[in-house]
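Protein chains: 2
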Amino acid sequence: MNGAESLLTTLTNNGIEVCFTNPGTSEMHFVAALDEVEGMRCVLCLFEGVLSGAADGYARMKGKPASTLLHLGPGLGNALANIHNARKGHVPMVNIVGDHATYHLEYDAPLTADIEGIARPVSHWVHTSSSSSEIARDAAEAVLQAGIGQISTLMLPADVSWGDNPNGAAAAVAVPGPATVPATRVDEAAVRLRSGAKTLILMGGREVTAAQGLLVSKITQVSGSQAMIEVLPGKVARGAGTAVIDRLAYLAELAIDSLKEVEQLILVGASDPVSFFAYPDVASAIAPPACDRFILAGPNDDIEAALSALVGALGATDIEPQSNPLSLPDLAEGELDAGKVGMAIAHYLPENTVLVDEAITSGMLVNMFTATARPHDQLNQTGGSIGWGLPAALGAAIACPDRKVVCIEGDGSAMYTIQALWTMAREQTDITVVIFNNRKYSILEMEFGRTGARGGIPGPSAASMLDISSPDMDFVAMAQGMGVAATRATTAEEFNEQFAQAMAQSGPRLIDAIVPTIF
Amino acid sequence: MNGAESLLTTLTNNGIEVCFTNPGTSEMHFVAALDEVEGMRCVLCLFEGVLSGAADGYARMKGKPASTLLHLGPGLGNALANIHNARKGHVPMVNIVGDHATYHLEYDAPLTADIEGIARPVSHWVHTSSSSSEIARDAAEAVLQAGIGQISTLMLPADVSWGDNPNGAAAAVAVPGPATVPATRVDEAAVRLRSGAKTLILMGGREVTAAQGLLVSKITQVSGSQAMIEVLPGKVARGAGTAVIDRLAYLAELAIDSLKEVEQLILVGASDPVSFFAYPDVASAIAPPACDRFILAGPNDDIEAALSALVGALGATDIEPQSNPLSLPDLAEGELDAGKVGMAIAHYLPENTVLVDEAITSGMLVNMFTATARPHDQLNQTGGSIGWGLPAALGAAIACPDRKVVCIEGDGSAMYTIQALWTMAREQTDITVVIFNNRKYSILEMEFGRTGARGGIPGPSAASMLDISSPDMDFVAMAQGMGVAATRATTAEEFNEQFAQAMAQSGPRLIDAIVPTIF
Chain A
8 MNGAESLLTT LTNNGIEVCF TNPGTSEMHF VAALDEVEGM RCVLCLFEGV
58 LSGAADGYAR MKGKPASTLL HLGPGLGNAL ANIHNARKGH VPMVNIVGDH
108 ATYHLEYDAP LTADIEGIAR PVSHWVHTSS SSSEIARDAA EAVLQAGIGQ
158 ISTLMLPADV SWGDNPNGAA AAVAVPGPAT VPATRVDEAA VRLRSGAKTL
208 ILMGGREVTA AQGLLVSKIT QVSGSQAMIE VLPGKVARGA GTAVIDRLAY
258 LAELAIDSLK EVEQLILVGA SDPVSFFAYP DVASAIAPPA CDRFILAGPN
308 DDIEAALSAL VGALGATDIE PQSNPLSLPD LAEGELDAGK VGMAIAHYLP
358 ENTVLVDEAI TSGMLVNMFT ATARPHDQLN QTGGSIGWGL PAALGAAIAC
408 PDRKVVCIEG DGSAMYTIQA LWTMAREQTD ITVVIFNNRK YSILEMEFGR
458 TGARGGIPGP SAASMLDISS PDMDFVAMAQ GMGVAATRAT TAEEFNEQFA
508 QAMAQSGPRL IDAIVPTIF
Chain P
8 MNGAESLLTT LTNNGIEVCF TNPGTSEMHF VAALDEVEGM RCVLCLFEGV
58 LSGAADGYAR MKGKPASTLL HLGPGLGNAL ANIHNARKGH VPMVNIVGDH
108 ATYHLEYDAP LTADIEGIAR PVSHWVHTSS SSSEIARDAA EAVLQAGIGQ
158 ISTLMLPADV SWGDNPNGAA AAVAVPGPAT VPATRVDEAA VRLRSGAKTL
208 ILMGGREVTA AQGLLVSKIT QVSGSQAMIE VLPGKVARGA GTAVIDRLAY
258 LAELAIDSLK EVEQLILVGA SDPVSFFAYP DVASAIAPPA CDRFILAGPN
308 DDIEAALSAL VGALGATDIE PQSNPLSLPD LAEGELDAGK VGMAIAHYLP
358 ENTVLVDEAI TSGMLVNMFT ATARPHDQLN QTGGSIGWGL PAALGAAIAC
408 PDRKVVCIEG DGSAMYTIQA LWTMAREQTD ITVVIFNNRK YSILEMEFGR
458 TGARGGIPGP SAASMLDISS PDMDFVAMAQ GMGVAATRAT TAEEFNEQFA
508 QAMAQSGPRL IDAIVPTIF
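Protein chains in written order, with our numbering: chain A, 8 to 526; chain P, 8 to 526.
Please keep in mind that the hints were generated in silico from the structure rather than gathered at the bench. Mixed in with the good hints there might be a few duds.
[As the list claims (entries may be wrong)] Residues of chain P placed beyond 12 angstroms of chain A at every Cβ, according to the derived structure:
(1) 20
(2) 47
(3) 83
(4) 148
(5) 379
(6) 407
(7) 409
[Claimed, not checked] To give an idea of the chain P side of the interface with chain A (calculated C-beta under 8 angstroms), a few residues:
(8) 124
(9) 191
(10) 295
(11) 326
From the three backbone atoms N, C-alpha and C, an ideal C-beta is built for every residue, glycine too.
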């Protein structure tokens with residue numbers, strides 16, 4: 008077999024079943040190998056930012072990495088923003104970046120670039136394979152290094168890909184699962200929770216499961232402590248039957264105020280909370296500087312086992328957790344707004360939906376209503392680089408073909424990776440996209456005020472940089488142009504009907520919801 | 008004034024008149040400063056790959072850099088591919104990248120990244136400004152370093168932006184123009200041209216002007232040498248009245264064959280030619296290894312003056328250059344194909360048009376016909392990272408509001424940065440986009456054969472990675488969704504009429520030309 012076949016076989020031997028691709032000439036032997044090696048599903052994307060976001064969404068839902076296939080430094084550059092998001096969310100990914108043949112690099116052809124240099128800021132592990140006989144070992148190492156929460160980026164020179172490899176493929180490597188939290192740490196948490204200090208348990212990281220939430224609810228009740236979930240956990244179980252736990256506010260001013268009495272912070276998957284951005288006269292740290300910080304479990308630890316042990320240590324096993332009831336809002340009427348969209352989504356959302364949330368300002372109102380909707384998983388933006396939602400929804404749908412995926416998306420955010428719609432159609436994914444079309448970078452209007460720039464009031468030039476209404480974007484036309492059925496809703500009645508229909512049917516679908524900004 | 012105002016004033020003092028922007032929270036003080044400082048036109052783009060490509064197109068046409076405004080590491084990442092293209096084309100650019108406040112970095116907020124690390128592989132000069140009182144000096148240095156052909160990337164922390172700067176702005180720095188080629192080098196070229204060796208003068212680099220071509224035509228006639236233009240010069244004057252000079256073939260096999268007799272290579276702006284990619288059993292170098300190489304002028308040298316001196320040294324002043332006649336093809340009829348599109352474009356192209364070419368395979372046929380069209384400038388893809396054409400056309404139109412811009416674009420290439428259409432509409436640019444919609448990555452079908460992968464014949468899985476027909480993309484719908492008037496042409500008659508109308512009118516316009524692949 009050649010290097011490409013050795014690589015592909017090694018990946019599939021290691022449980023990597025999906026490759027999100029946008030190949031070029033230097034990757035043609037990899038592409039050719041798809042017909043020689045069984046077991047790799049390749050999903051073509053029209054832009055690399057789509058495929059890295061899709062690999063993120065896939066891994067969050069599947070609990071194991073997807074691979075990507077990228078075309079030299081610029082292809083990796085295009086993928087970079089969504090690799091950044093995955094990295095910040097502790098999501099694993101195995102990137103394969105085609106490069107020129109090793110002997111061609113010295114000629115400085117147009118596409119020659121410092122690919123390792125581009126890869127390093129967003130990768131935990133970077134390696135350029137130097138021979139066809141080593142690519143199997145390198146690919147196995149890439150999978151191992153991606154582990155459960157890291158980014159591996161492996162460069163595949165064209166001659167390594169096409170060269171003969173007498174050694175064949177590598178067998179499966181044993182990727183360690185979540186690390187066990189030592190009993191001593193659980194015991195210390197128990198002591199701390201019994202100390203009488205005002206304690207906040209902050210949950211977050213890659214995933215907050217329903218089970219974790221219910222265990223924490225027992226813990227807070229028995230210990231008189233409080234629990235919260237960080238602003239944007241990678242994946243969080245929500246809706247009826249999940250524990251009643253508040254989300255920390257996005258606005259640093261509010262978040263700081265909500266934690267001002269906290270004397271002790273116990274981190275469960277979450278990091279010590281910080282303001283998204285710096286603002287003049289607002290602290291960067293959200294928790295009081297003087298409060299004690301204790302890490303019960305990191306994002307790659309076995310959080311559920313640690314919480315379970317803690318429940319035992321606190322004698323809370325028989326306590327009934329506080330959970331959300333099933334409570335569906337009534338449908339609204341009249342002019343459409345983000346709240347009414349949220350009511351309809353919460354009303355109709357099928358059980359087990361994957362709700363991908365990049366609706367930014369409008370999303371706040373949806374979250375309010377979906378707290379008591381049918382149980383579902385919500386995926387959030389973890390790295391702050393917008394243009395993640397549509398790709399992540401694509402990846403989630405590839406990972407979970409039997410689950411409905413609903414993607415709520417801002418108009419501004421959607422436009423970074425709008426090409427995702429085409430792959431949604433191509434793969435006949437069961438995704439309903441709801442665009443909150445408020446014709447603004449609404450969050451930036453708010454942020455302009457918060458930064459205090461020009462007294463918080465944009466002048467005409469600044470205002471024009473926050474406004475995307477000229478021309479108004481027609482997401483129905485764009486979606487149809489990429490093969491996705493789409494409709495527009497300007498009233499609650501229209502939205503209710505269109506969303507109900509989308510939930511009753513399968514396949515890709517977009518609703519262009521014309522709404523005012525929420526401020 | 009604050010740091011942002013100092014920065015903006017310094018940029019405008021230095022002749023930077025345009026900023027292509029996609030701001031976020033950390034850039035709000037820069038945005039606010041737009042209403043305090045006169046003279047900077049900000050052009051909002053919905054995706055950073057659009058704005059970096061636009062800055063490239065602008066600088067090629069204006070002969071001086073534009074600035075960009077980017078949002079932290081991921082924003083820079085999104086811009087990276089088109090910065091790469093500019094860098095390879097010796098095009099200057101001044102990137103301003105907002106970062107977190109300096110004191111906020113230690114908190115590792117979601118958007119924190121190694122921005123300098125991301126910037127370095129695509130920048131000649133990278134610097135993070137560390138205080139409001141230094142930003143003016145840093146901005147002046149960024150302009151100086153960008154010079155006539157380099158990429159400067161300056162990081163602007165939020166507190167540097169909002170902090171008070173008692174020192175004010177910096178005055179204009181003297182950016183050196185093209186370097187004079189020493190007379191000794193001109194003399195050596197003259198000696199070499201008289202040596203009797205079979206000589207090829209290869210032109211290229213950032214720009215091949217009409218005057219350069221005509222001078223070279225005199226030189227080849229008097230010396231019996233041959234001239235060619237490299238595969239993809241950044242900007243090249245073409246059409247009636249320009250010199251008859253062949254373009255080097257893209258296909259390495261053909262290019263190597265066409266140069267096999269060459270004993271001496273004289274480089275004028277161009278680099279020693281190399282194959283775009285490596286292929287098994289094809290050489291990377293295009294010119295014979297044994298041939299002599301002599302650099303008369305680099306891309307940043309005063310090429311026209313050097314050629315003029317060389318004409319004098321060779322006594323060729325009075326020789327009549329061989330120039331292209333004005334010869335417009337007749338209009339075609341029947342089913343549309345790329346050649347017929349090329350005939351109509353050549354037929355109707357107004358004098359002084361900027362023709363932006365990212366039509367990849369289909370573009371070859373257009374070039375054939377436009378060689379004798381009305382005189383125009385052609386911009387080409389210099390770094391091999393597709394998704395450059397629409398943004399570059401946008402930038403060219405901002406630079407030259409009085410010139411018609413025609414962008415010929417592949418369907419696959421268009422989809423990397425399709426969001427450019429919205430800014431074309433927003434700014435009411437006079438751009439006609441022609442999409443060659445052949446529903447393939449047609450060049451990859453060809454490249455698959457050239458690499459010899461799987462005997463050159465893609466299997467079904469590989470073929471599906473080269474095919475973008477499922478679903479077919481409707482560029483009329485997408486363009487209309489972004490506010491650009493659009494029509495579809497499936498016959499030559501339809502295309503002829505639509506293109507004629509587009510040339511007769513002003514404003515943004517797209518024609519979705521449904522064509523078969525040219526192979």
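Taking the hints in turn, this is what the structure says about them:
no.: 1; hint: 20; in the structure: holds (18 angstroms)
no.: 2; hint: 47; in the structure: violated (9 angstroms)
no.: 3; hint: 83; in the structure: violated (8 angstroms)
no.: 4; hint: 148; in the structure: holds (22 angstroms)
no.: 5; hint: 379; in the structure: holds (28 angstroms)
no.: 6; hint: 407; in the structure: holds (22 angstroms)
no.: 7; hint: 409; in the structure: holds (23 angstroms)
no.: 8; hint: 124; in the structure: holds (4 angstroms)
no.: 9; hint: 191; in the structure: violated (27 angstroms)
no.: 10; hint: 295; in the structure: violated (15 angstroms)
no.: 11; hint: 326; in the structure: violated (34 angstroms)
Hints 2, 3, 9, 10, 11 from the list above are not met by this structure, while the remaining hints are.
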